[in-house]
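**Q** Each chain, letter by letter, is given below.
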Amino acid sequence: MSGARSRLVWLCVFAASAAVVSAQTTGPAAGLYTPDDLLFLRHMIVHHEQALELAALVPSRTGREALVRFARQVERAQKAEIDQMESLLALAAERGMTIPQHDLHADAPMPGLLSRAQMDALAAATGTAFERLWLEGMIVHHEGALTMGRAQQRRHFESGRQPYGIDVLVDEILVVQRAEITKMKAWLTAWGLAPRS
Amino acid sequence: MTRPLSFALLAVVIAASLATRVSGQNTPVPATFTTFDIPFDKLPGGRMNAQGNLDPTSSARDAHAGAFVAAKRLGLFRNFEWVHWVPTAPSTRDPATGHWRGGDLDGFPTGWGSTGLGIAGDCLYWGRSNSTNTTGPRVTHDVKIFKIQPDPEKNPPVEVGSMPQLTVDNGETAVRDRELRPYNYTSTDGVERMLMVRSAATGTGGDVITYTLDPQTCLPVDGGAKAEGVLAHEFYLWHDRRNPNRLLVLSQTYGSQDEDLVVTAITDDKTGKVLAKPLFLASFTLEGIGGPVKNERPDSTGLYTGGRFADYRHLTDQWARPGATQTSTVNSLHSGTMSDDGERFYAAGTTAGTYILNTERIANSTNAQLASGGVCRQRSTNAWVDGKIGGVVDVRKLPEVAGDCVHPVLNSDPGVLAMLRSDRSDADKLARYTRLETRSRFSFTPPLVAMVGVHSAVPIPSRPSLSRGNPKSRPAWVVITEEWPFGPCPERGLRIVNIESEITPMMVGALAQSDSMVQNCLAQAKPPGSTIRPMMHAHNPTVFENIVFVGWLGHGVRAIDISNPFNPREVGHARPVPWGDIITYPDVHNGLIYAGDNHTGLHVFKYTGPHADEVPKNAVYSSNRTSPHASGPPRPGRK
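As you go down the protein sequences, you meet chains A and B in turn. First residue of the first sequence: 300, per our numbering; consecutive thereafter. First residue of the second sequence: -12, per our numbering; consecutive thereafter.
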């Protein structure tokens, strides 16, 4: 075998090996998530974190046991979901994907996030006023999560994909938060906090 | 459509059905057994031609006929006959490519699709889920109403009506119609009645609705009565055999609300009529009485109260998905079964395991007595110090739990009550109670990874415990299934739990498909044409004395011989194509088995294997409501 020919063979072997290695490392990762999937996870974590902030306000500002229990339930459910989302991001990172960070200024605003002024007003309120503000605020917050979840589901539908873990998680978020909205709306009426029409 | 044309089409369908029925060989059961491994790499994962090969352009007739050809070629039926395939969702044709898609004949891979099935009399109700990620926003599929025909082996069910699908999110999302429980009964005034309970809450946070149905036409006669504040995931429909006017719904909320179980009366127990407003009777919350808290998170080392999970996240399956790992435990109530006498509820408590509830006061009181709160506490006692759930259990409150309308059998066990009321120290009582409480729930999570954990719990009928002191013939065994929707590897199977000591349930037997071993699951091939890996865990079991039919999702329906509960064995399989993602309870009507496939529609099977004689020949039987109940049309002469 001539030197030139030998070099060509080795070049081919090297190229083929590189292709195999590349398929093993990037192939599965590429199929796991898209950048949009990862951005959804990152944004939903930020969204959930505000729900935790909201839940933490409740025990010291109302005497209603049902609301205190509800806030605790929201807190535990959302903490568990944050863990789940962090774990999916960690899996993506382990497989070589770039994990996006939330950019407050560059990213589009998330639906349902309460403004700092709204959060301050909640923190300053107590009793009935707090209960009304909190329920209304959390309903808006949850409805924002539903909007984000449905947008993610639309992306799944349009691409024919079912991204691992996110499919089930989004469904769970939609199920639980719809149910919680139903409950909070019922309380607004039952506790006489809904604005009279 | 003109009438002659309708008849002609019907005749074609019947003829096709007769011509293509797949008969599972009645092979003698071998001396040793194994589960049937589906040849996934050969399975057409989409629409077929008449030869049973993948062909997205084939005609409807060929696609239907080809499925039976492929099933026979691949040996997908054993000890079952595939009697009918009734597609229920239409396909659409892309004019550019000529490809059909989106319908049952295509084996439409709907992801979160699921189906609802319920039979009463000769009426069959068929629900379909839709959601934004599977069918696109604003797509609805009405509940279809079928009439099961005379000579049902020859004649497939015929559609006779529909009920509009409900929506949420301002019409954006359709309710997941997967929980439909019709029931026919004769009230004490001699009137033959029929109702259907529909949970619009599953997946969408809606309501539990009870409709009155006309037993002659199968059609609803009203807009339904809503149970306010009940967000059921699944539910059990219980009919009081001692008072045939009385039907209760036991809703399992699966984390949608504080209460795990909500008991609601849906009929007037004096007349049998459906109540305009369902009546709240009682609820139960496991974490409230000192049980495991919902959504438990591990410590920084991954340790939970119940131990540590196996971790497979470093592995990758054929769909590029990581293996299983678990970041929290649910610990809510998923499903369950009420005993025929109403005194026990067998709870499928997800990661909290399976356990037994004492519902004697529910069974033995009137609705009015219960609703008044006079006979028992309607809601669970909060047994935590200062009411702080997840803190420290208050042993002095624990004896009060026995006064709750619904409470674990442990809490009214005479020995446990005596111990709690003794003069032992509180620390000693708490230590003993905690050990007993932990043993009163059979849980395999951790160590086994299963995000949902125990999915269903159904006692084996007609096999009472022979242990001393069982005057009420309570069962000796419960069949449980385990779930993780679209779960990562490994998959999850079926177990049999001994409950002869009700406060100490203990697993004695198990059966799983080969993908419950992680290496097999990871190697499981993709069917040609498919775009998603369907769910593959054991889902809903219909349980008889010696045989269980399990809707095992992607593995089809499996017949499991449980004559020796220590050693369950698979004795038959029915796996339709192009998919076969069986999610419903396999329901029995007059000897035939009806099952719902998420991706291909309604299927009718006939089981011919061991213990086939246990399949009721003249009744309707389902494990999600009191069974059996009467098949056939209402008797003449009745009001």
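Incorrect hints may appear among the rest.
As the list claims (entries may be wrong) - Quick list of in silico lysine to any residue cross-link-like pairs, SDA-like style, CA-CA up to 25 Å:
#1 A:K482 x B:Q506
#2 A:K484 x A:Q417
#3 A:K378 x B:K375
#4 A:K484 x A:G362
Hints are computed from structural coordinates only; laboratory data are not their basis.
**Q** Against each hint, give a clear statement of whether it holds in the structure.
**A** These are the hints, each one checked on the structure:
1. A:K482 x B:Q506: Violated, at roughly 44 Å.
2. A:K484 x A:Q417: holds (19 Å)
3. A:K378 x B:K375: Measuring from Cα to Cα gives roughly 18 Å; hence the hint holds.
4. A:K484 x A:G362: With a Cα-Cα distance of about 19 Å, the restraint between K484 of chain A and G362 of chain A holds, given a limit of 25 Å.
The structure does not agree with numbered hint 1 stated previously, though it agrees with all others.
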